[in-house]
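**Q** Take a look at the letters that make up each chain.
Protein chains: 2
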Amino acid sequence: MRLTEIRIAGFGGQGVILSAIVLGKAASIYQNGFATMTQNFGPEARGGACSAQLVISDSPVLYPYTTQPDIMVIMSQEAYNRFARELKPGGRLIVEEDLVRVSDLTGDPQVYAIPATRLAEGLGKRMVLNSVMVGFFTAVTKLLSADAVRKAMADSVPSSFRELNLKAFDKGYDYGRTAQAGALPELEEVGYAQE
Amino acid sequence: MRLTEIRIAGFGGQGVILSAIVLGKAASIYQNGFATMTQNFGPEARGGACSAQLVISDSPVLYPYTTQPDIMVIMSQEAYNRFARELKPGGRLIVEEDLVRVSDLTGDPQVYAIPATRLAEGLGKRMVLNSVMVGFFTAVTKLLSADAVRKAMADSVPSSFRELNLKAFDKGYDYGRTAQAGALPELEEVGYAQE
Numbered sequence: 000m001r002l003t004e005i006r007i008a009g010f011g012g013q014g015v016i017l018s019a020i021v022l023g024k025a026a027s028i029y030q031n032g033f034a035t036m037t038q039n040f041g042p043e044a045r046g047g048a049c050s051a052q053l054v055i056s057d058s059p060v061l062y063p064y065t066t067q068p069d070i071m072v073i074m075s076q077e078a079y080n081r082f083a084r085e086l087k088p089g090g091r092l093i094v095e096e097d098l099v100r101v102s103d104l105t106g107d108p109q110v111y112a113i114p115a116t117r118l119a120e121g122l123g124k125r126m127v128l129n130s131v132m133v134g135f136f137t138a139v140t141k142l143l144s145a146d147a148v149r150k151a152m153a154d155s156v157p158s159s160f161r162e163l164n165l166k167a168f169d170k171g172y173d174y175g176r177t178a179q180a181g182a183l184p185e186l187e188e189v190g191y192a193q194e
Numbered sequence: 000m001r002l003t004e005i006r007i008a009g010f011g012g013q014g015v016i017l018s019a020i021v022l023g024k025a026a027s028i029y030q031n032g033f034a035t036m037t038q039n040f041g042p043e044a045r046g047g048a049c050s051a052q053l054v055i056s057d058s059p060v061l062y063p064y065t066t067q068p069d070i071m072v073i074m075s076q077e078a079y080n081r082f083a084r085e086l087k088p089g090g091r092l093i094v095e096e097d098l099v100r101v102s103d104l105t106g107d108p109q110v111y112a113i114p115a116t117r118l119a120e121g122l123g124k125r126m127v128l129n130s131v132m133v134g135f136f137t138a139v140t141k142l143l144s145a146d147a148v149r150k151a152m153a154d155s156v157p158s159s160f161r162e163l164n165l166k167a168f169d170k171g172y173d174y175g176r177t178a179q180a181g182a183l184p185e186l187e188e189v190g191y192a193q194e
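Protein chains in written order, with numbering that gives the first Met the number 0: chain Y, 0 to 194; chain X, 0 to 194.
One or more hints might be untrue.
Any copy will do: because identical chains look the same in the list, a pair fits if it lies in one copy or spans two.
[Said to hold, decoys possible] DSBU-like, lysine-lysine: derived pairs with alpha carbons at most 35 Å apart:
| no. | residue 1 | residue 2 |
| --- | --- | --- |
| 1 | Lys150 | Lys124 |
| 2 | Lys166 | Lys150 |
| 3 | Lys124 | Lys87 |
| 4 | Lys141 | Lys166 |
| 5 | Lys166 | Lys124 |
If you are wondering where the hints come from, they were derived from the structure by calculation, not from laboratory data.
My request is simple: use the sequences and hints to build the entire structure.
**A** In structure tokens:
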């Protein structure tokens, strides 16, 4: 587990912060590594935007801000417009495909898209979209073991929602295991369709 | 709202992180300031300890770690032993009085103690001790308005527990409005009583 910088961003109520906590716990408590999670509150929080910076490593983390994230998980268009350009060249971009139009891509990222909100609705609760995203993240990045992330998730959600969140995790994980990094022609088409 | 560094620490399940989130939201969303909250995961998290660093300011926060906190909120002995010495000279130390023995004080802090767990149990749910602590914090530090913190709390807890957490806030707030910074002779006695 090399030092990996991750930004997770979306709007309030999507479970952005909880996603970061689950991944941080998985890395540290269940895979014996280290992590920091930093959450900024400010004008963007007043607008309903929400963003977390997560740094995961096998040694203590000395600087908790992400300058050029290796991985981004983006769940709203506003977050995409604001943060996408910070992604490290060749980094991995994970998006909620119904909420984010991927456009103006530079730096040749690998793009992974999932209709997490729809999949969560299929389970009866839109609010578990973050757990679908976390499952998808786990499958496509292979950064953390699925077992560690599931344990961290079971720890982190209210017990009455544990089963539902684990189902959502599995849904995203299974989707991710069969997913390929998005083919660029298709993504460009989506991009140009915007206005 | 000058730049104020705060550390909140205790053990897992006490709501340490949620307390930091509520105060960060109050400062930023409801008082138009800025805040960052950083949570470290690592060996201490594996041991069940839990700590958050919160920086609140009326301008953007450039560095999210606390080096010498102005205020500490301590909810376990382990957290006290580990962090108390970092408090800024003349800073404010807020403790859960049944869980923390204050001893070996240096730097002449102002000490505020509250039996938050017992007060929370009096409301029927020990788990709201963090909201009692947040109310107490609000009253004794006067850093944030009670109204802003109540709103942030209402936003941050599950709706089924909203009333209970606000009651817990009020309990701690009322306790704090009548509290005085702990008289040192009494505290030293407690300190020497330890072994």
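**Q** Looking at the structure, which of the earlier hints fail to hold?
**A** none
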